[in-house]
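Enquirer: The primary structure of each chain is shown beneath.
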Amino acid sequence: MADELKPEGSPEPASKAPEEAKAAPPKPVAAKPAAPKAPPPPKPPAVMMSTPWEGDLPSRVKDTFGDGILESLTYLGQSFFVVKPEAVHTLIDYLKNEQGFDYLVDVTAVDWPKREARFDVIYVLYSFARNERIRIKTMVKDGEPVRSVVDLHLTADWLEREVFDMFGIEFAGHPALKRILMPDEWTGYPLRKDYGILQMDNRWVQENLGVESGQ
Amino acid sequence: MAQTFLDSTELVLNMGPQHPSTHGVLRVIVKLDGEKVTGTECVIGYLHRGVEKIAENRTWVQFAPYVDRMDYVAAVSNGLGYCLAVEKLQNVEAPPRAQVVRVILTELNRIASHLLWLGTHALDIGAITPLFYTMREREGVLTIYEKYCGARLTTHAFRIGGLQYELYEDFETDVKAFCDDFLPKVDEYEELLSTNRMWVDRLQGVGILTAADCKEYGVTGPMIRAAGVKWDLRKAQPYSGYEKYDFEIPTRENGDTYDRYIVRMQEMRQSVRIIRQAVDDIPSGPIMGKVPKVLKPPVGEAYVSIEAPKGELGYYVVSDGSLQPYRVRVRPPSFINLQSLDRMARGSLVADLVAIIGTIDIVLGEVDR
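One line per chain: the protein sequences are A and B, in this order.
Position one of the first sequence corresponds to residue 1 (this note's numbering), numbered consecutively onward.
Position one of the second sequence corresponds to residue 1 (this note's numbering), numbered consecutively onward.
Treat each hint with caution, since some may be false.
Claimed, not checked - Not the full set, but computed from the structure, chain B residues with beta-carbon under 8 Å of chain A:
(1) Val61
(2) Lys88
(3) Glu172
(4) Lys215
(5) Gly218
(6) Val229
(7) Gln237
(8) Tyr303
(9) Val318
(10) Gln324
(11) Arg327
(12) Arg331
(13) Gln339
Said to hold, decoys possible - Simulated pairs of lysine to any residue, SDA-like, Cα-Cα distance not exceeding 20 Å:
(14) A:Lys193 to B:Tyr46
(15) A:Lys141 to A:His89
(16) A:Lys178 to B:Tyr46
Derived by calculation from the structure, the hints in this document are not laboratory data.
Idealized CB from N, CA, C, for every residue including glycine.
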């Protein structure tokens, strides 16, 4: 429990739980070392208890892709694969053409600055025939490109541009990877965690809006 | 003979961002050959407010009113999607009474959103009259909202876990009166437009998007249904108790602007059907589920989507166990449907481009967020 005490033999500090939870979700929360004299410290956040996703689809995918698939999990009735970045394109291709996941719902990202592979890139897929929704999650380092899926789903065009615009994640093979919501000449990626909420590209603001600051 | 500028075959035009037919601040760069559109490019972001960034700097509860400002003509749907997503993460459900009230208000909102679309779309095509009629009927919905929660447009009607306010005394009567009053009005609009020669000529065969195109572009809502795909999240993956209600999913085959018009008209009728069933059977009981005062959803993530008036509206929410969302991603239907503009507009005339922008039913607040 005591995240500030960190006694010897503590499996991992609770403050790291959010990041760690992504990688190893079925971690039992009960493994708390005895913290003797300290006053009751704040409760650590409840951790996502995802369970392995069993079934026909995950076993087939694992058979086909082997090492590329790191995990297949279910949480709150929602299933997702955690995969290596290089497997994303072939997996989405396979799911589209062999398994009927013909609708790419969304592409988005989450920034975890403390982690070495800093970004989660998330693909939400849906199959009209099976009425089933799954997610694919992959982790990439800053500056490491992901292969674009525009050749499989045209809708990825704007979605990947938005992820690039907001996080600076590059998509290799995208036909026109440029900013979409922010101005083209803007510097910085607003949805990164190290980008402050009041921060802006002052040079751009001064040159284009003729004011000292937008605040 | 010397070449003049008249000889050039290609012309690049800017439509917007300040243009009455682009419904806000959409800028479309149009490449023209004579009057024929040979390509378009959308420039968006003029209304970008960084809603997803704001979410990370507010608490889960504080962020709820912000979602109303995205699709501001369907604020209630936005609120429902967000509440359902956080409830999923928190693993709570709104009590039955709250769910039924949510359905009624959301369906009223669908009607209001479609009415605004119909009025402005007709205005784009050149029919001024329907706008006044649709605004009049929309007023009925807004009045119910105003009486219920005090706001007309950005209502913030729902709370995470249920509702903030009990129904006012005459709620049922008002809703029933609106339904009785409204259905004949839909017939009236259809009488004005559906067989009107000019309306049909301007819409039929314009901006065709086939079912395959829709899937490729991720286009949802009335647009995919007009292309013949009988798919509606309220039926496919019911939420808030939609499985209890008896209603149809209207579809058409051609996927053109006229079919999308017909589908939306039918949807308004179906919404009335749902509202009537719901309002006759509002269970009693609490309106708020067991949600802690200090909301800290467990570490985890969830994607929840609903059938908003414009298509699939999804929320991907990530919690790190703290008071504030770690990430809120909105999957906006307008943004994704707008991407198909180029496919629909190529080969059409400039005047048709106006009809096509109208038929997508975009709200720039949601496109740019």
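Enquirer: State for each hint whether it applies.
Expert: Each hint tested on the structure:
1. Val61: 17 Å, violated
2. Lys88: With Cβ-Cβ at 6 Å, under 8 Å, it holds.
3. Glu172: With a closest approach of 34 Å, the B:Glu172 hint is violated.
4. Lys215: 5 Å, holds
5. Gly218: This hint holds: B:Gly218 lies near chain A, its Cβ roughly 3 Å from the closest one there, short of 8 Å.
6. Val229: Holds, about 7 Å.
7. Gln237: 7 Å, holds
8. Tyr303: 6 Å, holds
9. Val318: Holds. Min distance 6 Å.
10. Gln324: For B:Gln324, the interface hint is violated, since the closest Cβ of chain A sits about 11 Å away, which is over 8 Å.
11. Arg327: 5 Å, holds
12. Arg331: Check passed: Cβ of B:Arg331 comes within 4 Å of chain A, closer than 8 Å.
13. Gln339: 5 Å, holds
14. A:Lys193 to B:Tyr46: 23 Å, violated
15. A:Lys141 to A:His89: 17 Å, holds
16. A:Lys178 to B:Tyr46: This hinted pair holds, its Cα atoms lying about 16 Å apart.
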